[in-house]
Structures are given as C-alpha cells and as structure tokens.
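Enquirer: Residue-level listing of the chains:
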Amino acid sequence: MKSIELRVNGTRRRVEADADRSLLSVLRDELELTGTHYGCGEGQCGACTVLVDGQPTRSCLTQAGAVEGRQITTIEGLEQNGRLHPVQEAFLEAGAMQCGYCIPGMIMTGAGLLRKNPHPTEPEILRAMEGNICRCGTYPRILAAMRRAATGERAQKGGSQ
Amino acid sequence: MSERPLDDTFIEPERYELAAGSAYHFELARRDFFKALGGGVLIVFTLRGAHAQQESGGGRRGSGGQVPQEVGAWLHIGEDGTVTVYTGKVEVGQDIRTSLAQAVAEDLRSPLASIRLVMGDTDLTPWDAGTFGSLTTRTMNPQLRKAAAAAREMLTDLAAAQLKVERSSLVVADGKITHPPTKQSLGFGQLTRGRKLMKTISGDFPLTPPEQWKVAGKSAPKANGRAIVTGKHEYASDLRLPGMLIGKVLRPAAFGATLASIETKEAESLSGVTVVRDGDFVGVAAPGEQLAARALAAIRAEWKTAPQPSGKELFDYLKKHQTGTQDSEDRSAQSGNSEPEWSAAHQTLERTYTVAYIAHAPLEPRAAVAEWKDGRLTVWTGTQRPFGVRGELAGAFRIPEDRVRVIVPDTGSGYGGKHTGEVAVEAARMAKAAGKPVRLVWTREEEFTWAYFRPAGVIEIKSGVSRDGLITGWEFHNYNSGSAGLRSVYAISKQRNIFHRTASPLRQGSYRALASTANHFAREVHIDELAASVKADPLEFRLKNLKDERLRAVLEAAAGAFGWGKSKAPAGHGCGIAGGFEKGGYVATCAEVAADRSSGKVKVVRVVTAFECGAIVNPDGLKNQIEGAIIQGIGGALFEAVEFADGKILNPRFSRYRVPRFSDVPALETVLLDRRDLPPAGAGECPIVALAPAVSNAIFDATGIRLRSLPMAPGGLKA
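Top line first, the protein sequences correspond to chains A and B.
Residues in the first sequence are numbered consecutively from 1, following our numbering.
Residues in the second sequence are numbered consecutively from 1, following our numbering.
It should be emphasised that the hints constitute simulated quantities derived from the structure, not laboratory data.
The beta carbon of each residue, even a glycine, is placed where N, CA and C say it ideally should be.
Misleading hints may appear alongside valid ones.
[To be verified] List of simulated lysine-lysine pairs, DSBU-like, C-alpha gap at most 30 Å:
no. : chain 1 : residue 1 : chain 2 : residue 2
1   : B       : Lys603    : B       : Lys718
2   : A       : Lys2      : B       : Lys265
3   : A       : Lys116    : B       : Lys232
4   : B       : Lys164    : B       : Lys176
[Stated by the list, open to error] According to the in silico footprint, chain A covers these stretches of chain B (three or more CB under 8 Å from chain A):
no. : stretch
5   : 235-248
6   : 287-294
[What the hints assert, rightly or not] Here's a subset of chain B near chain A, in silico, CB distances under 7 Å, partners left out:
no. : residue
7   : Glu211
8   : Gln212
9   : Ile228
10  : Gly412
11  : Asp620
12  : Asn651
13  : Arg653
14  : Leu668
15  : Val671
16  : Leu673
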C-alpha cells in the first residue's frame, strides 16, 4: 500500500491508501469526513458529490490517486469561519430537507454551479441538479433554495405558505 | 366517517414484515434510569392498561391477555431549565423531532430552543411499537402535551409555595413563572432546588386547545437543520467506533437459495480478516472497506436454487395462489360487507387494475454498527422500530432483551421500509465472531434486493350506476396488496370489499400508506370510468355520491384552487381528480398532465393537493410532507417497478430502477385546511394516495387512453 497526499478543505492530508481506492472511501474512512454519503456507488444519485478544483465530482467513481494534488472540497469545508456558505444558508431558509441524507451532495452540486455560474437560469439549475436524487421529494424546496442562493435573496424562513 | 376506529394497536395485515418473530417482551427496570437523572421534575406518562402495546419481539400481537402497564413517554426538566423529552419514536425525515418539540413547548410554556428530544434509544426511552402508521402526531403528540401540561402544573404549585402567593395569580410563559403584582419571576430550573420530583400521569389531562396555540400551529425550522447542511449529522452509516471493522455479507445467488458448498480458506488467510459462516449466513469483517471486499471476493460458494415465479406471470400467479380471505384476526379483511345489489343499476362495469412491486429505495441504505461489550450488545442502526429490532437481536442471539441496546440516530429515510433488523443482526453476528465492533452498510444492490417490497396486487371491481349517476352497487376484490383503504369512501348502501391474501413471490411489507395507494388507485380510476359512462363531470359525480363532509371539503378545496372545470386544458393536456382518506387525514389531488400519443411522452405538469388532518402543528413541515408524498407518488404512478425472474431482482440499481428526479417535478400547489376543532393527525402517508388515480384520470382526459396498471407508463404511453 502506498500513501497518497490529498488537499482536502484547504489542508494537506497524507493517507495510507491504494491509489485505486475510491475517493469516497478515503474521505469517509480515513479522513472521517462522513458528510459525504454513499448512495449508489454508480454515480447515479449524487449523495457523494464533492468539488474537485471547484467542479462537482462523484467521489464514489473517482479514484483517490487520480485527484492527488487537486483541491478537494467536501461539505465540511464549505463553512468559513463559522459562516455558512450561501447555498447552505439558503437550504436552511427554504426548509429544503427531510431526512437530509442527500443534502450535502445537493449543496455541493449547487455550490459548484454557482461558482461557475453565479446567476443561473431555472433550466441551468435543473440541468446541474438532475443527477442528484432526493428520495423524500424535497426537489421544489431545493430549487427554491438554489434560486434564493443565486439571487442573494433573503426571505423569511419556512418557505411560502 | 372513518375507515375504522383509530386504534393504535391495530396492525394492518399487509405489514407482512412484522408477522414473524419472538413473542416476548421483558419489562426493564426503569428506576435505574430515574436515578441517573439529576434534580428537577420528571413526568411519566403511562398508557392506560388495555391500550398499551405489549410485545416488542417483532410479533404483531402477543398471545395471552397479559398487557403490562406501559410508559408512553417521559419528560424531565433539569435545574438548568433544560427540558429533555424521551420518546421511543424515531426521526426518519418526517420532522417529528421538530413537531413534537413544538407540542411540548406549547403546553409547557417553554421556548422551543429549550427542548431537546431523546429518541429511539431502547435504554433511555420508553418502549414503543415503532414509527409507522402516521401515529406519532396522533398519539405521541397528545401524550407529550399531557406530560408537559402536568409539568407546568407541578411547577406552578412549587412557585406558589415558594413565593407564598395565590396559584391563580401566577403567569407561566417562556420557561418562567411570574407573579405580576410583585414582579417576581422564577425560571423552571430554579424551583426544585436539588430535589427530584416525580409524577406519574395517565389518561386525560387538560391541554391547550389548538385555537390558543402559540408555538404549535406555526412553522418551525427543522430541529437539527444546521447539522444536516454542514454534513455534521451522523447517520448510522457514518458512525465509527475504535477498532471497528467493516463487514460485508455474501449474498445467495437467488431468493431461497441454500449453500451447497463453500470454500473460505483464501479469505481466512488474509491478515486481519474474520470469516463468519453460520448456517447459510456468510460474512466477512476486515479493518477496511477494500480488504473486506477482497475477502468477500475470495470466497467460493455454490448455491442450490429452486425454480421461482417471475415478474411476467405475476398477476396470474397472485390470483392463483390465494391463501385465505377470512382471517378472523384481520378486522378489515372484509369491511362493510353486504351482498351488492345489481338490479337497480342502469349499467354495470367490471374492470381489473394492477399494481407492481416497488422499492422504498431510502437514500441511506440499511446500516448498522454493532458492538459486544461485557456480554451486552449495542447496535446503532437506522430503523423505524428500535424496540422491534432489539427483540430480533435478542431472539437471534438467544439473550434477554435487557442485554441488548438499540440506538437509532436520525435516519436517512424509511417510508415504511425500515421496520426490520436484518442489517443489525448481520453486523452483530460478525462483531460477535470478530470480537470487535463491526459496521455494515448495505450496498444499493443489497438494499434493492434483500429488503422487502411494497406488495404487488390485482384489484377487481364490479360496480353499478343508476341513470341519474348514483352508484347502486359495488364489489371490490384486492388480491395481495392489503386492506388499508379497502372500503369505498362513497355512500353505497350495498357493497362488498374483500382482501385476499396470497403467497407473494417476493418478500413484501409496509410501504408509505400501505395498500391505500393501490386501493385508491383502483377505486378512483373506476369512479372516473363510471362518471364517464354516464357522461358526468368527475368532480360532480364524486360529490353526488359522497356524504363524508371532510372528504367533500378537500375535493372542493382542491378543485377550487386548481380551477377545475373553469377552462379547457391546452391541446395535448388533460386534467384528473381523485380523493380519499387514510390514517386520519383527508386528501384530494388535481393533476394536469401533458401526454403525447404519438411520441408516448407523458409528464405531470401541475398538481394541486388539498389536505386536512385536523389541527395543524407545523404548517411548513406538513407542506413538506405533502410535497414529498406527491413527488414520491409520481414514481410509483408512472415508472417505478421491481423487475424479477428466477429469484433475482433484474433492476437493483438507480441506473435501472428509475426514481423521480428534478425534471419529473410538476408545478405544485398545496392547500392546507386547518381544522383547529379536531385533534391533529399524522400526514406521512395519506397525501400519496390520490396522486396516481388523478394522473391516470388526467391521461385519459388528454388521450382517451385508460391506464389501469401501476406503473402506468414505464416506457412511455402505449396507444
């Protein structure tokens, strides 16, 4: 077994792991960053999404060795100095969650989109998020959260009623 | 009118997964726990004798008449003013952690932020049958409110004595008791002064009526929302214990297969790997995911398989393999039955409807971390029945229940699919063999294959209608789906509704709303067919045949918000309506679909749902549940189906089993009817039941194609 050096959430982390091991497994089991979730292992659900050099990436299909030296951001790395990322904030404000298991992957996908495209249109949001599954069906709230994050809008908590 | 009395101890026959298991429930010494609490006030709510659910071993009803006096919930107010509520219910996304806290805050007059819930821990919380049947709001909510009200009364007494003032001159609000004339004020935590005061209450205790609610009845954000959006919340699959191994299970080649031969030497030779073989169970545990996978792959096994029915013959099979209809234990198998009358009918209609097996596919697969220590077993696992799983573990390892502790971290959803404890038993078996803690997380394929499914079913309806549009006769047979929602919601004097049990080819069990989804689908599509046969508007036809005021109210509310009958749908679009009730809630759904006969494309473009479940505790949480049910319902309505042949699941992945995604989401509108004059009921299930028939009826309106099978368009519309 060789060791791999990963740059995760701004910190260099050296782990004992084979290069062909999935990034998901290394993040969860070696670095104890368990906010990145397993959902399917085939890149179909997006629960394991992290940012690699700012790009939303399925960590279950990514070999850890392939992302050595690149900037990896997980859900734990979005919050800066106790301040939530605007997408995290927007998910809270829109009440966009039920069981919450998919939410870190949703937020990473959304954060990746806004990084590249700060003012996405509705179809652009839909296209970016289509690969993420929320089995509880909170999609309308996630869309509302993304709209909110994209416009910088701050409305009252609890969504529309 | 209701489908049956709201009885917490009733277990529907289609909760097949609960029908097996140990029949024993051993009472634990609760006093030890009381000792562990610091000073303060402890209120214990006991269930009234005969009403208590007794067993925990996975059995659905114990034998014999011994029903122990059981504790429903307890609530502790510490000397720092912290309120801790203990309930055996679990949080799986339905947001009861929030709504139960609101209920307590309301009747205790304490800020929402001061309330913490300890849930689903068999050592710390009172026994509970499980989190299912939309029972939490209906039963746990009033229990906790009663405990909170009792605590408030007790604290008021203490304050009156301490301040030497009349009790009636005190005001209780915001976690404090104030005496306005002297402006003296005492926090809840300041009243007990090191004492431990305990009070046991049961039965009725006066509650704050919903009309006066201040905290309940208003939207509150999810209790642990911040932990969710920061990834800090630890699901069972995220937990890690020192020295923990990763487990993997060797699955049989097919359902019902038995081991013919096995070679494990190579796997055993890997350093650090434990191989467990116990009967047909084979598992490996290793210090790491990759090594465990390597060990599993190194095992050579041959399985003896037997022929099994396949999906293609499913509906014939169900009809030919009935196992009974007259189960005397089964109170709803034949509900409201009398010989239907056909002579008054202007015309009769006979139709058959089918529903496929579908999978819950919770995004967090079944997961457990098991640890044996000093002869005691502790398992952290995502289940809707912590005490049931405790019973399963005790049974599997032949140890008393008081040597097993099950802890349920807030879980990555369930939808009725996490009632059983296989993953807990498997992890515990491997942990026992390895002498170390073991974490087992089912793969998606295991989750799709080795869990249980929403039952498939065949439904046959014969009906008669008079010339002026009154339903004169009704005969309804459900094969295999179950009995929930079996009885017609319409005012038909002579009707017969029968549930036929069958030998299901696949393992099946509870799924959100149980058979109510299948039964409402068949009934509400059939009603549309009847309406069409007498050229009546579907809404008017329903209202003409309905007496239930609550159902009429939601139908009218949904139709009003939808603009039913106000304008013609655009070309290629159609509108449908359906309604019903389940688990104390009333729902009506109007759907608009875009359906193209030539391309076969069909999309639900707009859904309006009106819902009523008594007094609303958390309006935004309720709305979230309704939206989720509608979206989940679209999957079962249009494209979800478990395919199987020869004892194997053919589509056990998200790439082959399609679930609703962002692009499937219609414009949604939810109308909440808040009946503050009625006690609150749950909402996790009912809102799903009217979606599929509303969509079928809308497709008919758009295309003239009548779809009577769920899913309706897995490969698009077939003209």
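Enquirer: Against each hint, give a clear statement of whether it holds in the structure.
Expert: Checked hints:
Restraint check for Lys603 (chain B) and Lys718 (chain B): satisfied, since their Cα atoms lie roughly 14 Å apart, inside the 30 Å limit. Between Lys2 (chain A) and Lys265 (chain B) the CA atoms are separated by roughly 27 Å; this keeps the pair inside 30 Å, and the hint holds. Of the supplied pair hints, the one linking Lys116 (chain A) and Lys232 (chain B) holds, its CA atoms being roughly 26 Å apart against a limit of 30 Å. Distance check on the hinted pair: Lys164 (chain B) and Lys176 (chain B) sit about 16 Å apart at the alpha-carbon level, within 30 Å; holds.
For the stretch 235-248 of chain B, the assignment as covered by chain A holds, since 5 residues bring a beta-carbon within under 8 Å of that chain's beta-carbons and 3 suffice. Evaluation of the coverage hint for the stretch 287-294 of chain B: fulfilled, as 3 residues show C-beta separations to chain A shorter than 8 Å, against a requirement of three. Here the hint on Glu211 (chain B) is broken, as its CB sits about 19 Å from the closest CB of chain A, past 7 Å. Nearest Cβ of chain A to the Cβ of Gln212 (chain B): about 21 Å, over the 7 Å cut. The hint is violated.
For Ile228 (chain B), the interface hint holds, the least distance from its beta-carbon to any beta-carbon of chain A being 4 Å, beneath 7 Å. A hinted interface residue such as Gly412 (chain B) counts as satisfied when its beta carbon comes closer than 7 Å to some beta carbon of chain A; here the least separation is about 3 Å, so the hint holds. The interface hint given for Asp620 (chain B) holds, since its Cβ lies 4 Å from the closest Cβ of chain A, which is under the 7 Å cut-off. Look at Asn651 (chain B): its Cβ only gets to about 12 Å from chain A, farther than 7 Å, so that hint breaks.
The interface hint given for Arg653 (chain B) is met, as the beta carbon of that residue sits about 6 Å from the closest beta carbon of chain A, less than 7 Å. Among the interface hints, the one on Leu668 (chain B) holds; its C-beta lies about 6 Å from the nearest C-beta in chain A, closer than the 7 Å criterion. Contact between Val671 (chain B) and chain A, as hinted, is not supported at the beta carbon level, the nearest pair being about 10 Å apart and thus beyond 7 Å. For Leu673 (chain B), the interface hint is violated, the least distance from its beta-carbon to any beta-carbon of chain A being 13 Å, above 7 Å.
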